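*Asks:* In case you want the letters, here they are:
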Amino acid sequence: MTLRLGVPSKGRLMEQTFAWFAARGVQLRRSGAEREYAGAVEGAEGVALVLLSAGEIPRELGAGRIHLGVTGSDLVRETLPDWQAQAAELAPMGFGHADLVIAVPAAWIDVATLEDLDAAAAAFRAVHGRRLRIATKYHRLVREFLRARDIADYQLVDSQGATEGTVKNLTAEAVADITSTGETLRANHLRLLEDGLIHASQATLFLSRGARWGGPERAALAGLLGRMGLAGMPPGQGDGAPPADGAGLPAT
Amino acid sequence: MRDAAAERAEAERLFAALLALGATPVEADILQPAETLLDLYGEDIRGRAYVTADPLRGELMLRPDFTLPVVQMHMAGGAEPARYAYMGPVFRKQEHRGGRPSEYLQVGFELFARAAPAEADAEVFAAFAGMLAPLAVQPVTGDIGLLTAAVRGLTTTEPRRAALLRHIWRPRRFRALLDRFAGRVPPPPARRALVEALAAAPARALIAAAGPLVGLRSEDEIAARAAALLEDAAAPPIPGAEVATLEALMALAGPSDRALDEVRRMAGRLPALSPAADRLAARLAALARRGIDPAALPFEASHGRTTLEYYDGFVFAFTAPGREGWPPVASGGRYDALTAVLGRGRSIPAVGGVIRPALTAALRGSQPGGAV
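Sequences listed follow chains A and B, in order. Residues 1 to 252, numbered by my numbering, are exactly what the first sequence covers, in order. Residues 253 to 624, numbered by my numbering, are exactly what the second sequence covers, in order.
It should be emphasised that the hints constitute simulated quantities derived from the structure, not laboratory data. Check before you lean on any hint, since a few could be wrong.
[To be verified] Lysine to aspartate or glutamate pairs mimicking EDC-like chemistry, simulated, CA-CA at most 16 Å apart: (1) K345/B to D82/A; (2) K168/A to E471/B; (3) K345/B to D296/B; (4) K345/B to D317/B; (5) K345/B to E56/A; (6) K137/A to D150/A; (7) K345/B to E355/B; (8) K10/A to E56/A.
All values derive from a computational prediction rather than experimental measurement.
Work out the full structure, taking the sequences as your base and the hints as a guide.
*Replies:* Dropping the structure here:
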């Protein structure tokens, strides 16, 4: 068996991933025809490149069908329940930065913090007879964030795109969405809450705890990490340390 | 490993015990309208319940508990007083690994009665204590009504009392609000800046300057809350002695008879506690008449604060000591306010509880000679 490394199959994220590995002495490239999702790895033994949609990589990590994967840290947290038990962060990669934030209309002068949002939600419910709606596609992350901060009287509504427009379209009162510069939020007359940063995401190299880790895969991992100068980093270190019983590689 | 046959046999035994106490058997649909559940329990329930889409009926949930459908059924035309027993599977999504089942049988008892609430509380508690009697379980009781009475008795503004009451079930936010209202923690800088700005300019001017208003929340609503914040900034802190009494009450734990003595002493400092203390006394007397000794019954004033927020009076649970990670084997309480919300103007005092046959079966199986 070989070590399967899943990386984004197209676009800027793929290019930046290839450049990140190349800077560490490992060449990734797409092989074959332009439209074929096959790849090759040079500079590390026993590693196979698997090109996938970035959104599918968390699921493949969780299922153990790939040993390593490059994807946004937000997607892993959103997709995998108890993600630390299923995956470990090997290295933040320094690109693909995006913040998941809560934003409200800029004209809400009375709402600067989550505490204000909670109180405004109570008042909104009393006036309108229903909960204040927050549009998002990050249901798990947003719900866990708001639950941990004891926010009540809100309701999440699903929005898979153009989330910033939901307030103007009267399908939500607030949003929880990804932003890198805040430009789109401002253009839609929205403003971040001061303590509304849910997660600062970036492209990250993950390890799957549930993949088959036999001798050859462990050897390939050691070779790959050694080549890239990451050998000293034990799996699972970094932001969000895994539970003690899940530390390090899974037992074979 | 789930032993479905043992769980089912145990459920039937518990169900029969409730019928023997005079309860009427009732059923409930497994598919429940999601909207009502979401409105009552909030977004938390969506994280915990299986949601599915029906082409005609919209969003539905696999029954996360029986209380809601049983209350709805009763309010649609049940006779009073009424005692109901039910048995069947409930479904709870588990977002964390480690073993709690996502589908299990629940047996429950609900009592709707306008007269003699203390008797009703005692009857329900005694029913569960009786079913659990041979097993190694530990009871704990509490009374959310004491906490709400204490908050209602605080010398402060009505909006502050309302904010605290709303967060009785969310202890961290309750604590943060209390610290603020007691003057122990200053308001955040953004709040102070807003209050200063509001002193210099009308809210409507500030709203207009902040940007075009988008969304359903109106200028009136924003201005109303801004006015409330301005008023709040001028409100004096809650007197320290009252805060100390409230905190002592929340920390109160011990045998029920001694807890009652303590609450009576607190009522000397916070007179609003007196009626709630009388209700506690009446309940303990009713329990004693059913053979449950208040001196041996643990009371924790904060018990029930972290459950789903519909219990508003007596609360109880039975836990299994030494069983790490187990949920309560049985739990319940009084939920008068829930019936008012669901009854749209009508309400009926109600108290009830649930028991998990899978857990009692496991306890029975591990006791010497326990298989009755």
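*Asks:* Next step is simple, just say for each hint if it's right about the structure.
*Replies:* Evaluated hints:
no.	hint	in the structure
1	K345/B to D82/A	13 Å, holds
2	K168/A to E471/B	15 Å, holds
3	K345/B to D296/B	11 Å, holds
4	K345/B to D317/B	12 Å, holds
5	K345/B to E56/A	23 Å, violated
6	K137/A to D150/A	21 Å, violated
7	K345/B to E355/B	8 Å, holds
8	K10/A to E56/A	13 Å, holds
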